[in-house]
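Residue numbers (this note's numbering), protein chains in the order written: chain A, 224 to 740; chain B, 224 to 740.
Each statement offered as a hint is correct.
It does not matter which identical chain is meant; a pair holds if it fits inside one copy or across any two.
No more than 25 Å apart at the CA atoms, straight line, and that leaves these computed lysine to aspartate or glutamate pairs for DMTMM-like:
| # | residue 1 | residue 2 |
| --- | --- | --- |
| 1 | 254 | 338 |
| 2 | 448 | 490 |
| 3 | 254 | 347 |
| 4 | 336 | 711 |
| 5 | 703 | 331 |
| 6 | 275 | 461 |
| 7 | 275 | 447 |
| 8 | 448 | 270 |
| 9 | 445 | 490 |
Keep in mind that the hints were calculated from the coordinates and are not lab data.
Protein chains: 2
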Amino acid sequence: MIFDSRIDSIFRMALMALPEPLQAYRQFFQKIKSFQDTASVLHWDSEVMMPKNGREYRAKQIADLSQLTHEWSVGSEYRDLIKNAKKVLNELPAHERSSWEREFSILEEEQKKLEKLPSEFVAELSQTTNLAHAVWADAKQKSNFSDFAPMLEKIINLSRKQANYIGYTTEPYDALLDSYEKGAKASDIESLFQDLKLELIPIVESAPSFESPFNGPIAREKQEKLCKRIPSILGLMESESRLDSSHHPFSTSLGKMDKRITTRYSEIDPLSSIFGVLHETGHSLYEAGLSMMEEWPTPLTEFCSLGVHESQSRLWENQVGRSKAFWEFIYPILLSDFQLTENDVPFKNLFRYINSTQKSKIRVEADQITYNLHIILRFEIERDLINEKIKVKDLPEIWNAKVKEYLGLEVENDAEGVLQDIHWSMAAFGYFPTYTLGNIFSAQLFSSFEKAHSNYKSNFRINGDFSVLLNWLRNEIHSKGKILDAKELIQSATLEYPNSKYLISYLKNKVQEVLSI
Amino acid sequence: MIFDSRIDSIFRMALMALPEPLQAYRQFFQKIKSFQDTASVLHWDSEVMMPKNGREYRAKQIADLSQLTHEWSVGSEYRDLIKNAKKVLNELPAHERSSWEREFSILEEEQKKLEKLPSEFVAELSQTTNLAHAVWADAKQKSNFSDFAPMLEKIINLSRKQANYIGYTTEPYDALLDSYEKGAKASDIESLFQDLKLELIPIVESAPSFESPFNGPIAREKQEKLCKRIPSILGLMESESRLDSSHHPFSTSLGKMDKRITTRYSEIDPLSSIFGVLHETGHSLYEAGLSMMEEWPTPLTEFCSLGVHESQSRLWENQVGRSKAFWEFIYPILLSDFQLTENDVPFKNLFRYINSTQKSKIRVEADQITYNLHIILRFEIERDLINEKIKVKDLPEIWNAKVKEYLGLEVENDAEGVLQDIHWSMAAFGYFPTYTLGNIFSAQLFSSFEKAHSNYKSNFRINGDFSVLLNWLRNEIHSKGKILDAKELIQSATLEYPNSKYLISYLKNKVQEVLSI
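Same shape as in the complex, but just chain A (with noise of 0.2 Å):
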């Protein structure tokens, strides 16, 4: 039966030549895993394809299976098994000692931050959350923040209560904060923030701003003629993953060999659907890498931190799908499916759109440069907010007075003000700031690779093949998991400590670069 023994490979053969202790402990750990697949295929389900009064319901079950993994993951049966397993590490072998060692040292952290929430405010949160998210949606659709502004006190109120649960030595957001960066401090982040602000300003000045060379609407479906083709090129497998649409673009990973992604279209910007695709299938190739870990699903076998996964769709929607490289692959693609010619669209007008620097009020539709003020706006607020340093109420003035000072723009209403994003009705706070340091690694891998490549360009424009930049990625960061952490990933890459002068000289350059084509 090739299919049965296709399942002992995965859930069983892997395990049979350990000790029976570290046997039992890691077939606990995939159980948990499965469990928290499971919570991913109904989150997936719930915003790609489940009918409206579905929510409720829905909300229900999310929160069981999120209660259920948090009381094993913390449970007492856990805990032996992984005392038992830790007793018998001294019968391996050295070299493979030290990754068991890390491996028990990751586990035993999260167990003791989590196991400081009481699962009845785990569930609670998470209920919530579900909840809110259809709340959230309805007042952007009204763009009335006041609709959401309960809502979203009650889920502050929930994440300071978080924070104070998990405990911090300096402030609230910290606590917060290292639930999606490990280790990080607002205090450092605000000064890489306030660094990056200062050698944004020139480059933002001299940065062209371009017309759309589209002279009218784009047809959905010839947008998801293109997006469909998009994934399989960059490297992902059609039989592995799926694409669709939701009100948010969003990746997820459902299983071993099962990772979707969603975009969403609109017909007069026909780039963003296809810079939706280009970034989430960043973050699915990651996922994808990871689950090629021989010894996948592990605590080893997770993502680094969630900077190095931005990195990752980052580098895929920037430094790749932002090149002249990749245009001159795509760009007769396009004009086929999008039935046009060389005439309706010149190459030159799409490429210098596509780099061209619009101030926007909306953070996904932000161009790389001044993205990253968006960010910088949402860290300050977001972290004054759990700090107890402002209102909910007051958010749309402050929201606003900082859109006016560092983008220049006036938000005319809540849609395209402090309702826009998702993330708060998510309880996502501290995730932001992620996001810039994402770009800030992105940047200095892809600098790397350049050095180790230097002929990649024609593979990218002649073949559509970006192998070439698939593999390294998968050596240098896919295939190491959370083996290192953030810091030590970036440096064991890129032979040099994170920080932001790739990113500076990659923005520098982009701006030449689109002036001088």
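With chain A's structure known, arrange chain B on it following the hints.
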């Protein structure tokens, strides 16, 4: 917070008036139900959305969930909760007590059955049938039974093992049948089917066959347009359901207000997608009606039996979906969606074709008369398989001989023969006979509805308003859940015990109607 109070109203407020032990038991029941519905989401996704290579990991996820809910259902915690709950029943008023007593007697009967199945066996069966799906689908595509035979052999062995765990007095098949139609015996069904076979022969002889009224293929997009209208026309709310496509049409309830149906599209036979939708909508209307029961979810808000479930799909598919009144309403919509004129497809030809008796080798494409012969054939074969009267390797030969005997047709390959149905790959032995029980119940129910609402036809025909029928079914069938057993339920709705005379007379009248149009 309106949303919080809504979730309370469903999952807590209904329980708050109850003595604490009854609340505690019901909360545990609702937890099990929530995880069972989660398994349904995983299954729906795997049939409708999942990328091909996701199957293996999904099989593990479903097996993990199934093992967990099995353990909970037979575990000592649940048992103790039930014991404590039963102790306080005498505190309740007498009129409430009898419903609780039925609830506990159903539960304990199911529990007794479940506890006979070791959880490892349940997981093995679930994992095997999940994998078998792909093997069956591949074998069917290649039309090669021998590719599927070893897997089927394994499934039959597991099913016999299951029958032995459960126990039986006369024959192993009875133990399996009981899971689908409680209390039914193979020997009784044999007699019932024997009678029906005799009656069917003169009807089939007199029933005319007509050519398809369509002169060419109808694009899938046009069919989808029409198919998407039908569920809401019949009364299934758009905000609580969705229609997709899959290899084999099915319907499933994923939550209180989340009913999913699928159909499949054939460009050369555009009516098959429509009748798929009519059939599955009937199932989902029943599930939606059950979910409207005040105390949902409890063991008494579940469907009565598979025969009753099938009666609901058959009633909308046949008594409604093949009636003149329904087609007089839907005909102009079909012409518009299919971009055809009355001359292209005259009403008379369409109506005749819909009620044509074409002997087919494919069950799901069979007409309402010969369909029962397909069921009788499957019942006889699967009963013999489980009772070890015949061997797997002889199946194609036995199958083809019976098709020749009952339908006079030559099966030319396994895809149109023994491989056509998904059911055996799911180990659903004992399921097939419930189809013909459904036909018998639906004719009897519709006859009673007609007596109560003699002028219903103008509502159907002129207004496309089917609410008078839906409300009758909700009152007589849906709102009764599992409070009565199938025999009692049919008797309470029709004032007669189930019998086949209404099916026979419905089919005889149909032949007359078609001949005289």
